[in-house]
Structure formats: C-alpha cells, structure tokens
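Novice: Chain A is fixed; fit chain B onto it per the hints.
So you can see what is in the structure, the chains are spelled out below.
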Amino acid sequence: MRRAQEGRQDAFEVLVRRHADQLHAIVLRFCGDAGDAEEIVQETFLRAWRGLGGFEGRSQFFTWLCRIGLNEAKRRGSRRARGDGAGAVDAAAAELPDSRRSPETEAERHALRAALEDAVRDLPARYRAPLILRDIEGLSTEQAAAVMELGEAAFKSRLHRARLAVRRALRATLDSQHPD
Amino acid sequence: MNPRHLIDHLWTRPRLSAYLDGELDPSQRARVERHTGRCPRCQALLASLRRIRDGLAALPLRPAAPGRADAVMARLGRT
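Chains A and B, in that order, are what the protein sequence lines are.
Under my numbering, the first residue of the first sequence carries the number 6, and numbering increases by one thereafter.
Under my numbering, the first residue of the second sequence carries the number 48, and numbering increases by one thereafter.
Okay, chain A solo, but in the shape it has when bound (with noise of 0.2 Å):
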C-alpha cells in the first residue's frame, strides 16, 4: 500500500488483482448490468489511483474502494429510478411457510433462488446494498457499515429492515410453493 501511494504503478497492479473481482462482483449486483459493472469497476480503480495520496488508512483499502464504487453507481444512475419504499418495510407481512413442514424439492430451490435475486434487484439502494455486502459477499458488519458510512448499530438495523423487505417480496414465490 505504501508503495502505491508513493505513485508505483505495480504495487498499485496488485492491488488491482487482489480486489478487482469481489469489487465487480458486488458493483454488479448494484447496478445490475454487466456493461455498467466493468466500467464502475475500472473508473473506481482509477480514483483510486488518483486519490491514494489521500487515502489515511482509517479504514481498510477494500472497504475504501467499494464505498467509491457503489457512490460511482449511484452517480451513473444505471439502475431506473426508486422509490424509497422505506415505509413500506415495517408493516408485519404473512409468515413465511416453514420449509421443515415440506422439503424443498431442487425445483423450489432454483425458484427460490431467482426470487431472491429479483426481490434484492427491486430493492431500494439503501436496502439492497447491506444484503450485497454482508449477506450475498459475506463483508463483515464493520467492513459493510463501513462502506456504507454507517455506525455498526444503524447498519444493523437497516440489514434487518432490508431482510424484511426481500419476505415481503418472497410472499408470492413462497406461498404458491406452500399453498397451505
């Protein structure tokens, strides 16, 4: 890291490798397209590049250049516009079906699999970026509250009402597979 910030090019290169994956993982996720995902990927790198000399450390690297990364996302807009859709997510929704009543058969499995992937692609920002970070790419609390510039208590609760969020959205997919 020292190196990189004093302008080395190939220090800078294997930070490029270590990361570059996890961060187009994530950015995709994000923004949903894979043109818009390479492209984010490579301009956060290169304000990264740019803005290294002012980078203090406070926070780890990774974290750093994902919160450029989903702040470049946003500010592309490559996603159709949102509604917030925060009041929405404490209304108390149906109980999901408990899954122990009726094995999931691999069909309800997959079936479950794309609903979840369309229920976090339909959120909201603020709620389907907790669930990349922490549920989907694994971060930990402080590394996904980090990159969203939230306290560790404040990202907890938003994971929580995100997670909400995505059983309303479940209802549906669930209920046709357990109609009791």
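Treat the hints as calculated values from the structure; they're not laboratory data.
Derived coverage of chain B by chain A (criterion: at least 3 residues anywhere in the stretch with Cβ under 8 Å from a Cβ of chain A; other residues may be distant):
| hint | segment |
| --- | --- |
| 1 | 65 to 71 |
| 2 | 93 to 105 |
| 3 | 110 to 120 |
Think of the CB as a built atom: it goes at the ideal place given N, C-alpha and C, for glycine as much as any other residue.
Specialist: Same frame as chain A, now just chain B:
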C-alpha cells in the same frame, strides 16, 4: 397478548436479524430465546429471516474474469 409478552415481543422483533447473525450479547440472546420459545409469530419470523439469509449466502458466485485487472491497468495507462 399480556403486557409483559407485548413488551418482549416489541423488543425482540427488531433484534431477530442480529440474533441470527450472532451479534447480540449473552443477556440479549437469552431474552430473545425466552420470548421466541413461546411466541409462534416470532418463531415464524426468525425461520423466514434465516431462510432468506441462508438463501442469499448460497446465491451463485460471479466467476472471476482473468482479463479484468488487465483492463483496469490498461485504462490507467491511458490516463
């Protein structure tokens, strides 16, 4: 719903994700477990949150692209 159950219910529900993620301290964890043990609605919510969290974690990983880092470095070289 008696008042004590209602208080525990309202305290427990917003903490079920943190419980699931192992991020509550022992006394909070015990309180969640006491309540969910006798609240079918919280049991059902916990089960569905677990299913969602585990389902998201099991989504297929995006394959790495060997040329991605090269493309980034080429872009850097052009600026």
